[in-house]
Every structure is written in structure tokens, then in C-alpha cells.
Amino acid sequence: MIEIKLVVNEKPYTLNVEPSERLIDALRNRLGLLGTKEGCGEGECGACTIIMDGKTVNSCLVLAAQANGSVLTTIEGVGNRRSPHPVQKAFVEVGAVQCGFCTPGMVLSAKNLLDKNSHPSETEIGIAMSGNLCRCTGYDKILRAVKIAAEEGKQ
Amino acid sequence: MKYFQPQSVDEALEIAHTSEATFLAGGTDLVLHMRTGKVQPLGLIDLGKISVLREIKEIEGSLEIGSMATFAELGKSELVFRKAHALWQACQTMGSPQIRNQATIGGNLGNCSPAADGLPALLALGAEVCLSTKAGNEILPLESLLSRTPLLEQGALIRGFHIPMNGQKSGFAKLGRRKALAIARLSVAVSVQLNGSRTDNVRVALGAVGRRAFLSEALGQELSGQELNNELLEKGVIEVQRIVREALGTRASAPYKRVAVAGVFREALTSIIPEGGQ
Amino acid sequence: MKKRGIGLGCSWYGTGYGNGFPDVSSAFVEIHDDGSATVLTGAVDVGQGSNSIFAQIVAEELGLEAQDICVYSGDTDATPDSGTTAATRQTYNTGNAVLKAVRQAKSSLLVYAAREFSCPTPEGIELKEGYIGVKGDPSRRVPLADLVFQARLRGERFISAESSTARSTPVDPETGQGAPYWPYSFGCQSAEVEVDTETGVVQVLKVVAVHDVGKALNPTQVEGQIAGGVTQGIGYALLEELELDEGKIKNPAFSSYLIPTALDVPNIEAFFVEDAESTGPFGAKGLGEPAMLPTVAAIINAIDDAVGVRITSIPATPEKILKALAEKNGEVNR
Amino acid sequence: MKTSVVGSRVTREDAWGKVFGQTKFPADVNLPGQLYAVVIRSPHPHARVLSINSDYALEMAGVVAVLSAKDVPHNAHGVLFRDQPVLAEYVRMVGDPVAVVGAETEEIAREAAKRVQVEYEVLPTVFDPEEAMKPDVLPLHPSLRPTNVLYHMPIRRGSMEEGWAKADVVIEKEYNTQHVDHAFLQPEAVLAYLDERGHLVVQTATQYAHYDRGEIAHALGLRFSQVQVKTLAVGGAFGGREDISLQVIAALMAWKTLRPVKMENTREESFYSHSKRHPMRMQYKTGATKDGKLVAMEAKIVGDSGAYASWSINVLRKAAVHATGPYVIPNVSIDSYAVFTNNPFSGAMRGFGAAQTVLAYESQMDLLAKEIGISPLEIRLRNIFKVGSTTATGQVLTSSVPLDQCLAKITPYLQRGGESE
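Protein chains in written order, with UniProt numbering: chain W, 1 to 155; chain B, 1 to 278; chain H, 1 to 334; chain P, 1 to 421.
Since the hints were derived computationally from the structure, they do not count as laboratory data. Every clue listed holds true.
As a list, the in silico BS3-like pairs of lysine-lysine whose alpha-carbon atoms are at most 30 Å apart:
| hint | chain 1 | residue 1 | chain 2 | residue 2 |
| --- | --- | --- | --- | --- |
| 1 | P | Lys-173 | P | Lys-290 |
| 2 | H | Lys-323 | P | Lys-285 |
| 3 | H | Lys-206 | W | Lys-89 |
| 4 | P | Lys-230 | P | Lys-24 |
| 5 | B | Lys-179 | H | Lys-2 |
| 6 | P | Lys-166 | P | Lys-285 |
| 7 | W | Lys-55 | W | Lys-11 |
| 8 | H | Lys-248 | H | Lys-320 |
| 9 | W | Lys-116 | W | Lys-5 |
| 10 | P | Lys-370 | H | Lys-3 |
| 11 | P | Lys-114 | H | Lys-250 |
| 12 | H | Lys-250 | P | Lys-134 |
| 13 | H | Lys-328 | B | Lys-235 |
| 14 | W | Lys-147 | B | Lys-179 |
| 15 | H | Lys-2 | P | Lys-173 |
| 16 | B | Lys-235 | H | Lys-2 |
| 17 | P | Lys-134 | P | Lys-300 |
| 18 | B | Lys-38 | W | Lys-55 |
| 19 | W | Lys-55 | B | Lys-76 |
| 20 | W | Lys-147 | P | Lys-409 |
| 21 | H | Lys-100 | P | Lys-230 |
| 22 | B | Lys-38 | B | Lys-49 |
| 23 | H | Lys-206 | P | Lys-386 |
| 24 | W | Lys-55 | B | Lys-57 |
| 25 | P | Lys-114 | B | Lys-2 |
| 26 | P | Lys-285 | P | Lys-300 |
| 27 | P | Lys-173 | H | Lys-3 |
| 28 | P | Lys-293 | P | Lys-409 |
| 29 | W | Lys-55 | P | Lys-24 |
| 30 | P | Lys-173 | P | Lys-370 |
| 31 | W | Lys-11 | B | Lys-2 |
| 32 | H | Lys-206 | W | Lys-147 |
| 33 | H | Lys-328 | P | Lys-285 |
| 34 | P | Lys-300 | P | Lys-166 |
These numbers were taken from a predicted model, which means no experiment stands behind them.
Put together the whole structure using the sequences plus the hints.
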């Protein structure tokens, strides 16, 4: 077991983790943050996307120990029913949510894009979302939702 | 399994010397391989906290890239864009944004998959690798390192890469099954020094055509010292197809790849030829 | 060289279990004291949005908003059997059951209200915007909640259970003659592709999809089904294939079994045609499966239009395309 | 009919929980004291299980139970026929579950699963449906069918002789489609437990909770009233969650150990535990007059059902009924077959048989148009179904057949674009 310190959704944590323990397992099993989903376990689907030190990563490909000293944002740290993040609002209103399993990862990829680039082009949106697979909605509404959220952010 | 998180290169080398542990770079391959049981390290030396290994900078006419620079960092670097364009291009299409944020160029070499996205570009650009062990440093051309088996001795750390900045122009193209999250089925990187419109010191490297990425010195020589134009391009196409045919032999993928490499080579080279095609 | 082409594909699809298999859906509805309502059905919402369709159906009938309706589904201890979420049957079949159920609960409400408003027939009562009152006389209406609460004190309850069965008969086993499905849903799509004649790579540039939905109960969800279907169709036509070796799956992973990413899917223009199906709820019929059908044909036909080769085995991989091009150009054994 | 809520773009109530990551999928529910169960699957496509030695697994600290076929009261499930074992003694495909380990943690369960030793008698295999159809090939389900032909559907309409006589142009071609996976994003997961009533509660993601309840009750010998299947959020299905995957196994483990049981498939396990889209070989012959009227069509369709029946009969029936495409063809002869092989079992997937035939009939339409010298749009307009048209099964389409309206809408988009370098 090794001791790591993390800030997750603005709360500091000290955890004892196994050296081979993945970050997704630490988040889900130790912190109960179940909004982070595992779809493939090999960094292909992006359902486990979180934001680590300002960058999106697949939490199934990162060891918990590697995240020592990092600042993390999971879906639980983004918006709430009283004040949803513009990305979340746009996803609901546009109809970009169907089965919803890819949604937390999608929201985090979109949020991270807009945090860095408030005026993304369609190409930039496509690239930013290209690490998140979706099997239901066909991406069309997802990309549109990100665009709408970006436009709302500008106002 | 033990887990180390050294703060300096010296500390990392010391641990490697005494522990038989494996270096952990970004981990996007190693974490996966540990999970599937393909790799069972005795310990891990996480290089993620050694900030000096992440640097990308210009020193005395050479582009210095630390082994822990991520694909995302390289793909956003103005310096890499200008001085090592093929590498910059390779960084745009590798994996996905999430993987590019985590995967490192040193890890790409350490893992050394046949389809490693960064290696053809580094080969074409004439990169030298800087290795360190507790005993000392070694600097050698990447192609020399890639001919070694095993690639690295126990305890050897990839510190980074020197890329000469001799005004070469470079280009990269990759053929994948889809437009993101695609493993390279073929990749080609080319670099050329231009004297007016004459080529000099042409270097062509191929990925996913064999066990490891490789540099074709013969093809480079063949294309050097000539006018850079479509005729040269077509000559290169025929040669590169021959190289792929020889390299792949009777492998199942051969009939397709030896034809398709034409398009990939053409794309890599045309991204260098100035507008208008000369 | 990159060459472009356009292809067209049409399709049809008989929805429901078909061939005389009993295709039954059931629903319970309760109108609450405050005028809101709950519908219980076994129909599982697998992400396509059936629950929200059922809320819209109940809200429409009761003159409420969709958010006034609670839909609870897919729990065998609490909900009646509504058949499987498959065969493009939930909007049509369970939609019909929900509609029947809410109409039944509503009819006792209307009978009660007719008495209250001294109206000789429930036909003269309407539910609108949360109010219940006399048709054509806006001065004689009360909030639905008031009336239902009052009714409750008098021991009246507006609760219903209904089932709906789709029409279907078995075909003759010797000749295949008969009427196996109802209704049928139609559609067509066009695809524009670009084929790289050197690498065999096909890029889909645009898909236009037009589908017959009877009546779009929720246009946003119709568009979602179409875009999702087209995307699966693109994967089916160009990428997806389970590789088997003596029955063993060689690519049981998302790194080797490839589905389209956001960058592989082009702009999709989705249109729907509304030609009401008399047996469907508000004229609706299903769209889930039909949305993916024409895509593969449109793409394969577009490839032929672009480079003049007919791919007869999918997925249309770059290997197959280069091979077909070589054969067409008379090149053998390259 | 004028409507206000119906027809409007109402937002989905469930979308909010999903954007906040609050929605519970089956992997997201847990109970104190739960066991974790892992399935041991057959590496062989056709084999008899001779013995299962679980001693080494049971020696491990934290391993609670290893169950196999002998522990299942009624060892069968299936949508049309109960031809699929819960835990197999007789294996018909790679990935058939043969045993299940229940342990205190996932790590222990996965390690213990590796230590269960299964001895197999390997049996002859058949993977090609055309080969499997032959009468001398041993049937995989002798109690169901005397050969591997699970189903044959003929459609006969009009006179082929007359049809071919009228045809000025005939196109004959074979089309092939592949095995496809549903690839829903959420791998199968289950939480099963006995509640305070003594009822078996199974929380899972399924397309049909009531069907799952029936199969669980049947396998364990319980009354329907003693089993509750509660559907949590379903992360995509597309037909891949119609057959039973882990539900009965998890319920069995909970019933035997009296402990809550959690199961989660890895992506690889997921590939092995649900059905596939039927690959089909489709031989088509279509004839038209020189003015583009379809007059005759003959088709032979062979679908690979794989190891179990699942929905194969219905899928190959749907393939046959839709084989003409949405076109009037007066003379039709179709033969559609579902055939058992030792491949992964095929079942329901979005499109359900009609997704395969569309490749064949729409390719034929373009080839005929080219041969006749009219546009792809034109040949379709001359043959499409309208209200009052009769299908190949003799069904008269009585209402809502707006394919002409669909084509009218798409026509402006059929302009051919230019070439680019």
C-alpha cells in the first residue's frame, strides 16, 4: 500500500492504494464516485474520462499512485440540478443523452475543451470529443450540444 | 510490487540500479499490459514527478525533447511545429485526446510497438536518443538503438531525444482503420534538406511494416541530391512499395500494405513539397 | 486519387414480433389527487427514450405537461408485462397500451366531471392546460387538482389497467403467404462518399436520411434515433467485423473491434415524413430499427458510383476495395 | 389530430441524472457483504465437460463457492427454446459458461477462476453454415432438430417461369454479411440477493425484465412471485440484452450462498456472453423489363445461427419477408435458412434480418438500373410499394406507405458531386 494525496472535486483526500490499483478503481471503490464509468478498460471508449491537472485522461489507464499530488475533477464535481454547467444544460436540451453511459465522460471532455478554448471550431470540437465513443446518439447531437454550450459561454 | 516516485533522475537511476523495477512513463500501455498479465513488473519507478524530463527546448542548434513530454505537449509546441514537423503531425493523430494527454514520447520508444506513432518521425528527423544508467550516459542514433535486442538494458532510462535542426523539412502520414483511436496500419515519415529545389540528406522511415519502425537508408540515398518534384515522388512510390514488399514477405497484411503504402508515402512527401507541387 | 460518389438506399421494416406471436403490452395509470399522474409499464427504457414518450402520451390525454407525469418501468414487482424492448415495438405497442389505459382512467374522470358540471354526457367535458371543464365554455372550468381531490373525498378513484395487442398472423409454412407484420415502416437514405483509390479508404462525407414515422411524438428523439442508426450503419458498412478463428473471437476488445468515432461520422441530415398510421398512438409507428437499414446500401451504392466497383461482402474494407479496383483494371495478382 | 405535448420537443427527464453522473447502472450498485462472482468459460467450440476440479480454487482464502451444471435445478434458458445451458456440461461454442466462482473480492474471484481445472473431451466442429446443413453432419441439437437446419422459410408467389420469361434484364449475384457485435458501451452487470421477504431480487440492465424473471424462476425452480427483476439504467442494448447473460448465474450464486452477489463483465467477457448479428450468405437473382419494372426474384438466404437458437427463426423469417425490398414483384421464390454451427450464437440485433437483405436487394436495384440505363432513383420510383400494393407474402398494405414522400424529400440530395484530387 502506498499513501497518496489527491484533491478531487475541490476536496483533499489522503488514500492508501495498491501499487497496481487503477485510478478508476480508487475513484469508484474508495471514494464512491460512481459517475465515472468503465466501458472497455483499455482507454478506447473514454467513458472513464476525468480531468487531471487540467487535462482529460482515461482513468482506466492511470494508476492511482500516478495521480499522487494531482487535482482531479470527476462528473460529480461539475454542476448540479440548481446550476448545471452549460455543457450539461445543452446536452439535456439538445437531446444529446440517450442511454447515458458515455455521458459523464463526454461532459468532461466538452467541459475541458471549453475551459481552454471558449471559441472552438467544429473541427476542434470533433477532435476534442474523438476519444469518447458513443453507440446510441450518433454524435450529431453531442457535437451540436458542445457548440451550443460554447456559444452560451460567450454571451 | 513496490512503487517508487523519485523526484530526480539520479534518484530514479539509483532505484533502478538496486531494485530491478521497471520505469513507468505515461503508462497508457504499461498499465494495460499489467492488467492483462502481459507484463509483470517487480516494481514500478514512476517518472511522472521528474519535471526536468518533460522539457521541450532548443539548445545550440538542436531540439531537445525530454522523454516524459506527452504527445499532447509535443503536438501543441510551436517549436516542434516549426523544427520537427513530422513529429508534430504524428502527435495530432495518435490515439485520442485523453491518450495524448497521458502518453509520452519516451514511453512510446520504451514500449516500442510495431505501430508506435512517434518513432518513424523521430527516425526521419535523425533523432539521437540519450540513455542513462547509474554507470553513465550514452547518446546514439535512434536507428542504432532500434537494432538492439532487447531494446534497453535493465536500469537504462530514456532521458530524451536530440533532434538536429539543420533546416530539414519533414512530413508524416498514417493509415488507420478510422480517424481517431486508430492504431497505425502503416505510417511513413520523411525528412529532406533542400538546397534550392534539390534534395539532400533525405531520410525515410516506416512504421507498422515489421517488428519495429525502421529507417530505409537506401531509399533516403536514392532520393537525395535530386530535384524535388513529382517525378521524384513517383520514383519514391515505386521504391517504397518494393521495400514494403520485401519487409512483409508472405504476411497476411502484405498484399494490401504493399499497394496502400503508395498513398501514405505520397501524403507524407506532398506535405513537404511547397504549394504548387513544383 | 480521391473520387466522390453518391448512393441511394431504400428500406422497409415490419415492426413488432410478427407471424402471429402474441404481441401484447400492458400499462397501469393512476391520476393523483393533485391532478398529476403515474404510469406503470414493464417496457424497459434502454436509452431510446420510451419513458418520456409515455409521459407525453399521458400528458396529452390529460391536458397536462410531460413533467406532470411519473413513468415507472421495468420492475417485475411493480409493473405489468409489456413485452420486450425490441422489434421497434415500444412506442407503437406499449404506447397504445398507455394510451388505452390513460383513456380508461380519463373516461371515469370525465363521467364524474360531467355530473359535477351538470353536463348530460362526458363528451361535453374537456381536459386542457391543467383544467377540467365544459367544452367551449371557458368560464365553467376548475383546476384538475381540485376536482380530483374532491372526487377522492367522495371515494372515487381514477385508476386503470389496460393491454393492447398488435395485429399479426402466421404465414403459411409451405408458401410463406400471409400478413406477418403490422405496421411497416419505410425510409430512404443517401450517402456521399470519397474513395481513395490508392489506399482504398472510404470516407463518408454526408448522409441524408428520410424516414416514415407515422407521427413524430418527439422530433428530438426521432432525430436521435436516425443519427444513431446511421452511425451504426456506417460501422456495419465499413468497419465492424467479428473475426473468428475456429469459433474463437480474435478481436474481443474495443481496440480491435472498431466502431465509428466522432470523427468518422459525417454531417447527418435527418428528415421525417408524417403519414399517420391509423392503428398507432396518435398515428405513430416505430423507428428504432428502420433508422439503420438503408445506410449500408447507400454507402455501397455510393462506392460504386465513385469508383465503379461493386462490393458484395461487407464490411467494405480498404483491402476489398483495392482488390476490386485491381480486378476492374485487369491487374492480376498484385 | 391536433396535439400539444405529443409532437413537441419535450426534454427527457432521465437526461439530468445522466449528465450529473447520478444515474445508476448495474455496476454502480453494491450491498454490504456481497460476493463477487466470475464465470469460467469454455475455450473449446464443441466439447463435453468430463470433470471440474475446484479444489485449488476453494483452498484460496476468500473463495466461498464454485458452482457448475450439477448445481442448477433446471439447467436451461432461451427465448424460443430453452436450448442454452445456464452452466454447460456440453459445450457448443467458445465462451459457454461451465462454472462460476464466488469470492469475497473481485481479485480473489478472478484468481480463483484461473485455478478451476476443467477437463474436456473435445468434439468435432463445424463453422461453415453451408457445410453444417449437410445431412451427414452431426446435429448440434438432436433433441430440437434432426439436422443443423433449425429453420427453413419458403416464400412462393406467382410463377417463376412466367417471371423470367418477362424479364429483359436479369442480375444474379451473391452477397455476404459479417458477424457484428452490439458493442453497447455498458458491459453486462448484475446484483442479485435475497431480500427480507426471502424473494430473490435481481438488479440488472435488460431489454425485458419479465422474461428474465421467468428464466430465473424456471432455472431455480421458484415461483414468479418469488423473483423480482428490477431494471436499472440500461447502457445501450440493440438486441444484445434480449437473451440471458449473467442474470441466472448471479441469481443461482445468491440462492446457493445466501449472500448478495455482484457480477460485472469485462469487455472481453461481454463479447462472449451476448448474441451476435447473423452473418448471411444471400444468393439473389432479380429480373426486370427494359422499362424498369421488376418481374421476378429468386433468393436463397443462409443465416449462421451459431451454437444456439436464440431468435434465429424470427430473424431468418424477417430476412425472407423483407427480401424483396419495398418493391412490388409479382413472381417470387425465396428460401431462407437458419443453421446451427459452433460459432458464437446469433440473435437479435437492430434490423433483425432486414439489415442484411437490404445490402442485397438495394445492390440489385442499382445494378439493374445501370443495365437498363435509368437512374437509381427512377428504378425505385417505378417499383415502390404504395397504399394497396401487395407484398411477396401476399399482404396488402392498407395504410401509411409513404415511401414516395420519403423519396421526394431526398431527391434534391442525389446530385452527383465533383471529383477532387
